[in-house]
Amino acid sequence: MEAYGYRDGLRDGLPIGLGYLSVSFGFAIWAVKQGIPGLELVLLSGSNLTSAGQVAGVTVIAAGGLLVELALTELIINLRYALMSVTLTQKLHPQFSLLQRMLAAFFITDEIFAVSSTRKGLLTFPYMMGLGCLPWIGWTLGTALGAFAGTLLPAALSAALGIAIYGMFMAIIVPGAMEEKGVLLAIGASVGLGLVLRYVPVFSFLSEGFVIILSAVFGACVAAWLKPVRGEGDA
Amino acid sequence: MKLYLYLLVMAAVTYLIRMLPLAFFRKKITNPFLLGVLHYMPFAVLGTMTVPAIFTSTGEPVSAMVGTLAALLLGLKRRSLIEVALAATAAAYIASLLLGLL
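Residue numbers (this note's numbering), protein chains in the order written: chain E, 1 to 235; chain X, 236 to 337.
Hints may contain errors.
[As the list claims (entries may be wrong)] Derived lysine-lysine pairs resembling DSS-like cross-links, with alpha carbons at most 27 Å apart:
1) X:Lys-312 - E:Lys-120
2) X:Lys-312 - E:Lys-227
3) E:Lys-120 - E:Lys-227
4) E:Lys-91 - E:Lys-120
5) E:Lys-91 - X:Lys-263
6) E:Lys-181 - X:Lys-263
7) X:Lys-263 - E:Lys-227
8) E:Lys-181 - E:Lys-91
9) X:Lys-263 - E:Lys-120
10) E:Lys-227 - X:Lys-237
11) E:Lys-91 - X:Lys-237
12) E:Lys-91 - E:Lys-227
13) E:Lys-227 - E:Lys-181
14) E:Lys-181 - X:Lys-312
15) X:Lys-262 - E:Lys-33
16) E:Lys-120 - E:Lys-181
17) X:Lys-262 - E:Lys-120
[What the hints assert, rightly or not] Stretch-level coverage of chain E by chain X, calculated; a stretch enters the list once three of its residues show a Cβ under 8 Å from a Cβ in chain X:
18) 113–120
19) 123–135
20) 144–152
21) 169–183
22) 216–227
The set of hints was computed from the structure by calculation and includes no laboratory data.
Note that the coordinates shown come from a computational prediction; the quantities given were computed from them, not determined experimentally.
Don't be surprised by glycine CBs; every beta carbon is placed ideally from N, CA and C.
Sequences are here, hints too, so could you generate the full structure?
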């Protein structure tokens with residue numbers, strides 16, 4: 001089995017970092033309007049590294065919500081990270097120490113999880129650090145740029161940058177779906193339930209975090225049931 | 236000062252959710268169904284995050300559609316993550332510029 005190093009991580013993290021730069025740029029412009037000062041926003045992004053959780057958190061803060069309410073909101077929206085962490089434990093190189101696990105955990109986001117978990121072979125600590133580096137810089141820097149210089153980038157360009165992160169997702173799921181019918185099935189079932197949960201009004205009480213959890217678990221279960229994975233694989 | 240308390244709570248909760256399972260879950264999963272679920276999970280997560288969000292990602296449907304098609308095409312050709320991401324952005328940007336000329 002191949003193992004990957006720091007530089008492989010950096011390379012894989014570059015598109016994520018670029019995507020984050022544009023997304024956090026937009027986040028900061030929005031959050032400043034909610035009354036959070038720029039410096040605190042940069043601290044927030046640097047210490048949280050999550051999009052949905054930060055948007056929800058800023059909403060609660062701006063409304064003067066309780067600390068318990070804030071904690072609970074973060075717990076629910078970010079619960080998917082626990083699921084991703086468990087998945088990643090199955091792929092960690094045996095040399096991963098407890099301290100290294102605790103460090104690497106900070107960088108688990110949807111995108112970093114997606115890239116690392118679809119990498120063939122085991123995940124090393126240097127690879128995970130390299131992978132987290134540029135996304136963290138992109139996310140924090142984008143927040144600073146948005147908070148302090150939000151109006152400098154041409155509007156058309158910052159709008160177009162919004163698709164970067166999804167383009168990267170397509171680069172992962174399209175080849176995956178071509179190679180395995182099970183992957184295509186997982187994507188189809190997940191997207192299908194996701195559309196129902198997002199657009200059927202009865203489900204409008206579900207937050208985006210919950211929609212992702214429910215539809216992804218559903219899609220993965222349907223595929224695992226109809227297209228079982230043979231042998232050990234490198235799941 | 237209250238703001239810093241808010242920031243501390245957010246950072247702590249978000250970190251603990253990520254850290255506790257990664258640091259302390261040590262079992263090797265052997266159940267075939269569970270292995271299958273874990274194998275398919277990342278694709279399922281990405282799928283539901285990409286559709287429908289990609290179609291509104293540029294704030295305007297035509298450029299988003301052009302960008303999506305570019306990403307799909309290069310994805311089918313198995314190009315790298317960064318190539319697909321930049322091509323989608325460029326395609327969306329050019330489409331929005333052309334749209335502005337109409």
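So, going through the hints one by one against the coordinates:
no.: 1; hint: X:Lys-312 - E:Lys-120; in the structure: holds (19 Å)
no.: 2; hint: X:Lys-312 - E:Lys-227; in the structure: holds (25 Å)
no.: 3; hint: E:Lys-120 - E:Lys-227; in the structure: holds (19 Å)
no.: 4; hint: E:Lys-91 - E:Lys-120; in the structure: holds (9 Å)
no.: 5; hint: E:Lys-91 - X:Lys-263; in the structure: holds (10 Å)
no.: 6; hint: E:Lys-181 - X:Lys-263; in the structure: holds (26 Å)
no.: 7; hint: X:Lys-263 - E:Lys-227; in the structure: holds (21 Å)
no.: 8; hint: E:Lys-181 - E:Lys-91; in the structure: holds (23 Å)
no.: 9; hint: X:Lys-263 - E:Lys-120; in the structure: holds (17 Å)
no.: 10; hint: E:Lys-227 - X:Lys-237; in the structure: violated (51 Å)
no.: 11; hint: E:Lys-91 - X:Lys-237; in the structure: violated (40 Å)
no.: 12; hint: E:Lys-91 - E:Lys-227; in the structure: holds (21 Å)
no.: 13; hint: E:Lys-227 - E:Lys-181; in the structure: holds (8 Å)
no.: 14; hint: E:Lys-181 - X:Lys-312; in the structure: holds (18 Å)
no.: 15; hint: X:Lys-262 - E:Lys-33; in the structure: violated (46 Å)
no.: 16; hint: E:Lys-120 - E:Lys-181; in the structure: holds (18 Å)
no.: 17; hint: X:Lys-262 - E:Lys-120; in the structure: holds (20 Å)
no.: 18; hint: 113–120; in the structure: holds (count 5)
no.: 19; hint: 123–135; in the structure: violated (count 0)
no.: 20; hint: 144–152; in the structure: violated (count 0)
no.: 21; hint: 169–183; in the structure: holds (count 12)
no.: 22; hint: 216–227; in the structure: holds (count 10)
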